[in-house]
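Work out the full structure, taking the sequences as your base and the hints as a guide.
In the numbering used here, the protein residues as written are 23 to 437.
Any given hint could turn out to be false.
As the list claims (entries may be wrong) - Derived DSS-like pairs: lysine-lysine, alpha-carbon spacing no greater than 27 Å straight-line:
1. Lys-351 x Lys-239
2. Lys-380 x Lys-394
3. Lys-330 x Lys-300
4. Lys-299 x Lys-244
5. Lys-392 x Lys-253
6. Lys-351 x Lys-300
7. Lys-383 x Lys-394
8. Lys-392 x Lys-380
9. Lys-299 x Lys-310
10. Lys-353 x Lys-272
11. Lys-206 x Lys-272
12. Lys-262 x Lys-380
13. Lys-193 x Lys-117
14. Lys-394 x Lys-262
15. Lys-211 x Lys-117
16. Lys-262 x Lys-239
17. Lys-190 x Lys-211
18. Lys-239 x Lys-394
19. Lys-380 x Lys-253
20. Lys-272 x Lys-117
21. Lys-310 x Lys-300
22. Lys-310 x Lys-330
23. Lys-383 x Lys-300
24. Lys-244 x Lys-383
25. Lys-135 x Lys-253
26. Lys-299 x Lys-353
27. Lys-262 x Lys-392
28. Lys-206 x Lys-190
29. Lys-299 x Lys-272
30. Lys-244 x Lys-392
31. Lys-394 x Lys-244
32. Lys-135 x Lys-211
33. Lys-209 x Lys-193
34. Lys-193 x Lys-135
35. Lys-193 x Lys-205
Said to hold, decoys possible - Distance windows between CB atoms, simulated:
36. Lys-205 x Asn-125: 48 to 56 Å
37. Leu-214 x Tyr-419: 24 to 32 Å
38. Leu-214 x Lys-190: 48 to 56 Å
39. Asn-210 x Gln-182: 38 to 46 Å
Note that these hints are calculated values from the structure, not bench results.
For each residue, glycine too, the CB sits at the ideal point set by N, CA and C.
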Amino acid sequence: MHQETIKTSHENISMSTNSLNQNTKFDNQSFISSRKIENITKEQQHRRTTIYLSNVHPKSADYFQPTSTIISSSSTRPSTIHVNELHKTEDDNGKIELTTLNNHFENYLNQIKILANRNINLRHEIANILQTYMNPMEEGKQNDNKNTCSLEIEFNNLRQQLNHELRKLIKIQTRLQRADYDKKYYKNKVRLFSKSDQYQIIQQQLDAYVYELNLLKEQYEKQEQNLISYKRQYNEYIMKLIEYTNEYNKIIYERIQSENSLHTLNEQLLFEREYNKKCQQEFEQFEKIQYDINNEFNKTEFKKILEKIRQDFQNYNEIQLSELELYYKTKLDLIQINFRENKNEYEYENENHSEEIKQLKEQNQSLQNKLKQLENEFHHIDEQYQQQYDLSYDEYYHLDIQISELESLILHSQT
23 MHQETIKTSH ENISMSTNSL NQNTKFDNQS FISSRKIENI TKEQQHRRTT
73 IYLSNVHPKS ADYFQPTSTI ISSSSTRPST IHVNELHKTE DDNGKIELTT
123 LNNHFENYLN QIKILANRNI NLRHEIANIL QTYMNPMEEG KQNDNKNTCS
173 LEIEFNNLRQ QLNHELRKLI KIQTRLQRAD YDKKYYKNKV RLFSKSDQYQ
223 IIQQQLDAYV YELNLLKEQY EKQEQNLISY KRQYNEYIMK LIEYTNEYNK
273 IIYERIQSEN SLHTLNEQLL FEREYNKKCQ QEFEQFEKIQ YDINNEFNKT
323 EFKKILEKIR QDFQNYNEIQ LSELELYYKT KLDLIQINFR ENKNEYEYEN
373 ENHSEEIKQL KEQNQSLQNK LKQLENEFHH IDEQYQQQYD LSYDEYYHLD
423 IQISELESLI LHSQT
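Below is the structure:
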């Protein structure tokens with residue numbers, strides 16, 4: 023009778039556990055102990071808090087941040103207001119959907135807790151039934167202890183394997199449910215964002231900013247080309263200056279040589295004049311000597327002879343002097359004419375060169391001023407871009423802080 027009652031009780035318990043497993047869609051769940059079920063519920067609660075932190079990866083829509091675009095000074099304020107409104111609407115939608123997801127997840131965990139409590143109650147009933155019907159069978163169990171030890175070890179191993187598999191199954195199901203909710207949430211969000219006019223407005227603003235950037239890039243390239251051309255012209259002007267200076271030095275050298283040649287000709291003329299004077303003085307002295315020696319000769323005849331010799335000598339000297347004077351005068355005239363012509367040419371060339379040099383200097387000064395202006399403009403543009411980048415980075419940083427605060431508030435509200 024006792025054995026039959028035990029069999030019927032076991033059959034009733036197995037039927038109840040099977041019906042419970044069919045309702046919860048988990049097989050062999052009745053073998054899990056009450057402590058393990060409580061640990062699983064605690065792990066699920068901890069996982070519920072960590073899912074929202076781990077799943078917010080950079081590719082998700084919750085991590086979406088506005089890209090740092092280069093915005094002009096006239097359009098920074100309306101664009102920031104527009105972006106803030108966009109983020110407010112997104113945050114409100116995100117809060118609503120997070121609350122709905124958390125409610126569904128809490129309902130799911132409450133169902134798991136209810137099932138765990140039912141399982142605990144059933145196990146208490148099984149323990150009570152076993153205590154009532156185990157006393158008559160203690161003698162039979164003592165005989166069968168040796169056989170049941172190995173079976174209990176295998177039973178415990180199977181129980182551990184089932185518990186491990188059940189944990190895996192619960193994790194997979196929660197992840198799948200979370201993935202389904204995320205898919206629906208992000209699909210709806212993408213549809214709303216693609217259908218809204220804000221996306222088109224942002225796209226138009228981006229196109230305008232890209233167009234402005236392209237224009238600035240073209241202007242910068244043109245300025246670079248102009249700078250390169252100005253540098254080439256500057257190098258050409260410097261080469262011309264070097265050539266003109268070399269030519270000027272050559273002209274000065276030739277002028278000095280001509281002046282030296284004139285100086286040597288003047289010295290030669292002076293030397294010949296002094297030589298002629300000395301010759302005349304010596305001749306006069308010689309005449310005196312001859313006169314003193316030849317006083318005994320006839321003065322008339324001697325005078326005639328001397329006069330003839332003197333006349334001949336004077337004529338000869340005068341002819342030579344006239345020829346030399348004509349020769350040197352012609353040379354001097356030619357040299358003076360050449361010098362005047364060269365001087366006029368040199369002065370004309372120097373005037374032309376001086377004018378060209380002045381023009382080149384003025385052009386060089388204008389090019390340097392243009393270079394300074396372009397450098398100042400480039401520096402000013404660079405500072406503007408840096409300021410715009412800093413503003414966009416500050417906005418990004420503040421938005422990131424706000425999102426982190428909202429996430430912490432959500433977690434605090436959940437706990």
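Results for each hint:
A C-alpha spacing of about 76 Å is found between Lys-351 and Lys-239, which places the hinted pair above 27 Å, so the restraint is violated. With a C-alpha separation of about 21 Å, the suggested pairing of Lys-380 with Lys-394 holds against the 27 Å cut-off. For the suggested pair Lys-330 and Lys-300, the alpha carbons sit about 21 Å apart, so the restraint of at most 27 Å is met. Restraint check for Lys-299 and Lys-244: not satisfied, since their Cα atoms lie roughly 83 Å apart, outside the 27 Å limit.
This hinted pair checks out: Lys-392 and Lys-253 have alpha carbons roughly 11 Å apart, not beyond 27 Å. Of the pairs offered as hints, the one joining Lys-351 and Lys-300 holds, with about 23 Å between alpha carbons and a cut-off of 27 Å not exceeded. Straight-line distance between C-alpha atoms of Lys-383 and Lys-394 comes to about 16 Å, which keeps the hinted pair within the 27 Å bound. Proposed proximity of Lys-392 and Lys-380 is supported: the alpha carbons are some 18 Å apart, at most 27 Å.
The straight-line distance between the Cα atoms of Lys-299 and Lys-310 is roughly 17 Å, inside the 27 Å bound, and the hint therefore holds. Annotation: proposed proximity of Lys-353 to Lys-272 holds, straight-line Cα distance about 24 Å (limit 27 Å). Distance hint between Lys-206 and Lys-272 is unfulfilled; the C-alpha atoms sit about 92 Å from each other, more than 27 Å. The hinted pair formed by Lys-262 and Lys-380 meets the criterion: a straight-line CA distance of about 13 Å does not exceed 27 Å.
With a C-alpha separation of about 25 Å, the suggested pairing of Lys-193 with Lys-117 holds against the 27 Å cut-off. About 24 Å separates the Cα atoms of Lys-394 and Lys-262, which keeps this hinted pair within 27 Å; it holds. With a C-alpha separation of about 13 Å, the suggested pairing of Lys-211 with Lys-117 holds against the 27 Å cut-off. Taking the CA atoms of Lys-262 and Lys-239, the gap is near 35 Å; set against the 27 Å cutoff, the hint is violated.
Restraint check: the Cα-Cα separation between Lys-190 and Lys-211 comes to about 31 Å, which exceeds 27 Å; the hinted pair is violated. This hinted pair checks out: Lys-239 and Lys-394 have alpha carbons roughly 19 Å apart, not beyond 27 Å. For the hint pairing Lys-380 with Lys-253, the CA-to-CA distance comes to about 18 Å; that is within 27 Å, so the pair holds. At roughly 91 Å between alpha-carbon atoms, Lys-272 and Lys-117 are farther apart than 27 Å, so this suggested pair is violated.
Of the pairs offered as hints, the one joining Lys-310 and Lys-300 holds, with about 15 Å between alpha carbons and a cut-off of 27 Å not exceeded. The straight-line distance between the Cα atoms of Lys-310 and Lys-330 is roughly 16 Å, inside the 27 Å bound, and the hint therefore holds. For the suggested pair Lys-383 and Lys-300, the alpha carbons sit about 61 Å apart, so the restraint of at most 27 Å is broken. Taking the CA atoms of Lys-244 and Lys-383, the gap is near 25 Å; set against the 27 Å cutoff, the hint holds.
Distance check on the hinted pair: Lys-135 and Lys-253 sit about 83 Å apart at the alpha-carbon level, beyond 27 Å; violated. The straight-line distance between the Cα atoms of Lys-299 and Lys-353 is roughly 23 Å, inside the 27 Å bound, and the hint therefore holds. With a C-alpha separation of about 22 Å, the suggested pair Lys-262 and Lys-392 falls inside the 27 Å cut-off, and the hint holds. Straight-line distance between C-alpha atoms of Lys-206 and Lys-190 comes to about 24 Å, which keeps the hinted pair within the 27 Å bound.
For a cut-off of 27 Å, the pair hint linking Lys-299 to Lys-272 is broken: about 41 Å separates their Cα positions. At most 27 Å may separate the alpha-carbon atoms for a hinted pair to count; Lys-244 and Lys-392 meet this at roughly 14 Å. This hinted pair checks out: Lys-394 and Lys-244 have alpha carbons roughly 16 Å apart, not beyond 27 Å. A threshold of 27 Å between alpha carbons decides the hint, and for Lys-135 with Lys-211 the separation of about 33 Å lies outside it, so the pair is violated.
Only pairs whose Cα atoms come within 27 Å are accepted, and Lys-209 paired with Lys-193 is accepted, the gap being roughly 24 Å. Among the hinted pairs, Lys-193 with Lys-135 is consistent with the structure: their alpha-carbon atoms are about 16 Å apart, no more than 27 Å. Distance check on the hinted pair: Lys-193 and Lys-205 sit about 18 Å apart at the alpha-carbon level, within 27 Å; holds. For the pair Lys-205 and Asn-125, the beta carbons lie near 18 Å from each other, so the given range of 48 to 56 Å is not met.
Taken as a hint, the range 24 to 32 Å holds for the pair Leu-214 and Tyr-419, whose Cβ atoms sit roughly 27 Å apart. In this structure, Leu-214 and Lys-190 break the distance hint of 48 to 56 Å, their C-beta atoms being roughly 36 Å apart. Under the hint 38 to 46 Å, the C-beta atoms of Asn-210 and Gln-182, about 43 Å apart, fit the expected range.
Consistency with the previously given hints fails for numbers 1, 4, 11, 16, 17, 20, 23, 25, 29, 32, 36, 38, ordered from lowest to highest.
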